[in-house]
Amino acid sequence: MIAWGGGDRTREFEEVALVHLDALYRTALRLTHNRAEAEDVVQEACLRAFRNFHRFNPGTNCRAWLFTILRNVFLNRLRRAGHEVLNEDPAVWESAGESVTTPASARKSPEEEFFQTVLHGDVDRALKGLPLVFREAVILADLEGLSYREVGEVLGCPTGTVMSRLFRGRSLLRQSLGRFARERGYIKESG
Amino acid sequence: MNCQDFETHLAPFVDGELGVDETAAAAAHVGDCPRCQALAEQERQFRQLLRRQPRESAPPEFRARVTALCRREARRKALRPWFVAPALAAAAALAVALLQPGLGRPAPLVGELVANHIAYVDIERPAEFASTDRRKVAEWFRERAALRATVPDLSGAGIRLVGGRIGQIRERRAAFVLYEKGRTLLSIFMVPTLGGGAALPGTPVSYRGLQYVKQEQKGYRTVAWTEGDTVFGLVSLLDYQALLECADALRFERARESRV
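So the sequences go chain by chain: A and B. If you count the first sequence from 1, position 90 lands on 90 in the working numbering, and the numbers rise without skipping. In the working numbering, each number is its position in the second sequence, counted from 1, plus 191.
There could be a bad hint or two in this list.
Said to hold, decoys possible - Covered by chain B, per the in silico footprint, the following chain A stretches (three or more residues, Cβ under 8 Å):
#1 13-24
#2 164-172
To be verified - Some chain B residues close to chain A (C-beta under 8 Å, calculated; not the full set):
#3 Q244
#4 K405
#5 K409
These aren't lab readings, by the way, just hints derived from the structure by calculation. The structure displayed is predicted, hence computed values, not measured ones. Each residue gets a CB set at the ideal place from its N, CA and C atoms; glycine is no exception.
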């Protein structure tokens, strides 16, 4: 437990938590697509984290803890703005295409050759089109490098769910990136 | 492991999320099957594409504003410490959820390190990120998993850097820096601890004024120590003298980094 009220606590917060400010900011940008809003979300999340920092157990994962707070702040704001939060409608899942157990042999391989042709901004554009449930999983795991377990901690779901969301998120992302590449004529229509 | 099994394990394999045995089995399959090797490669390229996205930083004015707000908040709270009480209840649920995974009975850490090391020995290309560039390996750990890994120069002892790997030790992400001397692999593990500085089992040994514990398991020699909130462990078939020299080089490098 950290001593209460002293400058040490502030310094410790800066050293342990605020070092992740860039990651929080980037992630908020990718969630909100808006700089001012991203700043509001991060600022609120940081203050909330600071107020609860004495409850944070040193040595546990601060980054996952901060992402959890950031996500809660973001979802609360969405709700307050009257948006429907996290579309878990099975139809969305179906439309994501392949199931986790789809044999790779059934996937189209020419689709995969577009990696070299992906342009600056394509990934963000493709991410933007992902339903939030998949987008947040992909951002945390693939862009910010959190483990399945940490992603599960942030999203409040079991590792198996993390894996299936990642699978579908990545599939959708690949489809979009392939489409962008095709639009530019870099790769041929496949099958 | 056959092709079908491999495909169901493909994503966690590439993400470094399989257990030791499954990683070894998947790696063995990839070694035998060019088709699955190509699949894994494709999957890796996709991950790298995502990881290589520009990493935007928070604007300096914004960083300054957040820092100032937190400092102001601290002054306000210092005057009215009771003010925080309602927030405690809300925080408690979250904190409990976060703490629980770590509270389990600790497995023998050194045994886990040795098991990981043995798994890597069997793999054709043990490094998840292969590079002989110390700076690049350290940077990879930082970017990929926010791990601070010290990558010492051991070339003076004829020990060559192979690369890095991120693994789970006791449900925490840990950095594994891999070296080799000839065909002998040396793993350096850096495992963030849960804050409690639990004593490491083994025979205490002092080398150049610093303390270590040494232990032999399954024919592999290990040298370990705790520094700050990180447990360091070296595992190899190399002799203790070589391991202690490497450990000393690492601590020297770590101290140098901290000063910079």
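- Query: Which hints, by number, does the structure contradict?
  - Reply: Result: hints 4, 5 break, sorted rising.
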